[in-house]
Amino acid sequence: MVTPEAARSRARLYWELAGLLSIGGLTVYYLSISWRKWPDPTIDFGRELYVPWRLSQGALLYRDVDDLYGPLSQYLNSILFKSFGPGLMTLVTANLVIFTAIMGTLYGLFRRAWGVLAAQVALAIFVSVFAFGQYVGVGNTNYATPYAHETTHGILVCVLLTTVLLRWIPAPTLRNSVLAGFLLGLTAVLKPEIMLAGTAVTVVAIATRWRTGQRTSPAVWMGAAMGALLPTLGFAAFFATRLPWGQALTSACRAWLSVTTSARYVAEPVQIVFLGLDRPWAHFLNHSFAVGCALAFFGL
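Position 31 of the sequence shown, counting from 1, maps to 701 under the numbering used here, and the rest follow consecutively.
Because the hints were derived from the structure by calculation, they are not lab data. Please read these numbers as outputs of a predicted model, since none were measured by experiment. Even for Gly, the Cβ is constructed at its ideal location relative to N, Cα and C. Worth double-checking, as some hints may not be accurate.
As the list claims (entries may be wrong) - Ranges of calculated distance between the beta carbons of each label pair, as one might list FRET restraints:
1. P888 / L758: 45 to 55 Å
2. H957 / Y720: 28 to 38 Å
3. S958 / R912: 40 to 50 Å
4. H957 / R682: 36 to 46 Å
5. W915 / A783: 39 to 49 Å
6. G803 / A771: 19 to 29 Å
7. R682 / R912: 53 to 63 Å
8. L844 / P711: 48 to 58 Å
9. T920 / G774: 29 to 39 Å
10. V698 / Y805: 16 to 26 Å
11. Q917 / G757: 23 to 33 Å
Based on the provided sequences and hints, a complete structural model is requested.
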């Protein structure tokens, strides 16, 4: 005989499954109406095909072909080209897998924070607004053919890092610490803003752990530090097989060194406009107003 509590639990499970199926259908719909119409054929996205293709043919990043960002995404895509052949749909297929992983991780985070309904609404908005839409003339800001793969890869890394840190706070085991450190280290070989986001969520986790007043062993911090260094050291060792060690380490750190050493960030007018530094105070006020509106909306 089914108890009332078991019946309610089963009903909640069916409700959740129905919601997930609806989100899946919504994803298929937006994917179908945007199919193979995502990237701009001449602007920007060509780089996302050209760089990994060159690397798959034996070129060395930063020496034979230049890039402003870290080495992880380009070499990951070059492995895909080597394994499955170069082409647009090779990257699209991999990007859709990454998008699915982002959705699943986000769902778990939202479900933990605010419950099933909030998680389903959040994912529905994520899919319908941010996934495959094209709101400007150059349609490269989507998850199928992103302007920079470092961004979409970095979003996955950051949400995974958040998930691991939620386990780390109450139980800072060596395993959780190394994994969290490794994910934070991956942000350092992607893109500066991804590194900033990963560092921010890590600082919040450490502060939350500190507020509990519980002791954290030195081995935990050493494990996290070693995990954080592994991605950079791994790429440095890779570059060192074809470059002097100094250049190899610089190449491995390109994700954040570009901000301070590249003239393209500090001198080119178009980069100044992209960064918002052409009118910093006006942009600051506009962003502050937008943030205020968003906080008021979520507060309601």
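Okay, the hints, checked on the actual structure:
Between P888 and L758 the C-beta distance comes to about 49 Å, which sits within the given range of 45 to 55 Å. Between H957 and Y720 the Cβ separation comes to about 33 Å, which falls inside the hinted range of 28 to 38 Å. A hinted range of 40 to 50 Å for the beta carbons of S958 and R912 is consistent with their spacing of about 47 Å. Checked against the given bound of 36 to 46 Å, the beta carbons of H957 and R682, roughly 40 Å apart, stay inside it.
At about 45 Å, the CB distance of W915 to A783 agrees with the hint of 39 to 49 Å. Checking the proposed 19 to 29 Å range against G803 and A771 shows it holds: the Cβ atoms sit about 20 Å from each other. At about 56 Å, the CB distance of R682 to R912 agrees with the hint of 53 to 63 Å. For the pair L844 and P711, the beta carbons lie near 49 Å from each other, so the given range of 48 to 58 Å is met.
For T920 and G774, the hinted distance range of 29 to 39 Å is satisfied, since their beta carbons lie about 36 Å from each other. Against the hinted window of 16 to 26 Å, the Cβ-Cβ separation of V698 and Y805 comes to about 21 Å, which satisfies the hint. Remark: the range hint 23 to 33 Å for Q917 to G757 is upheld by a beta-carbon distance near 32 Å.
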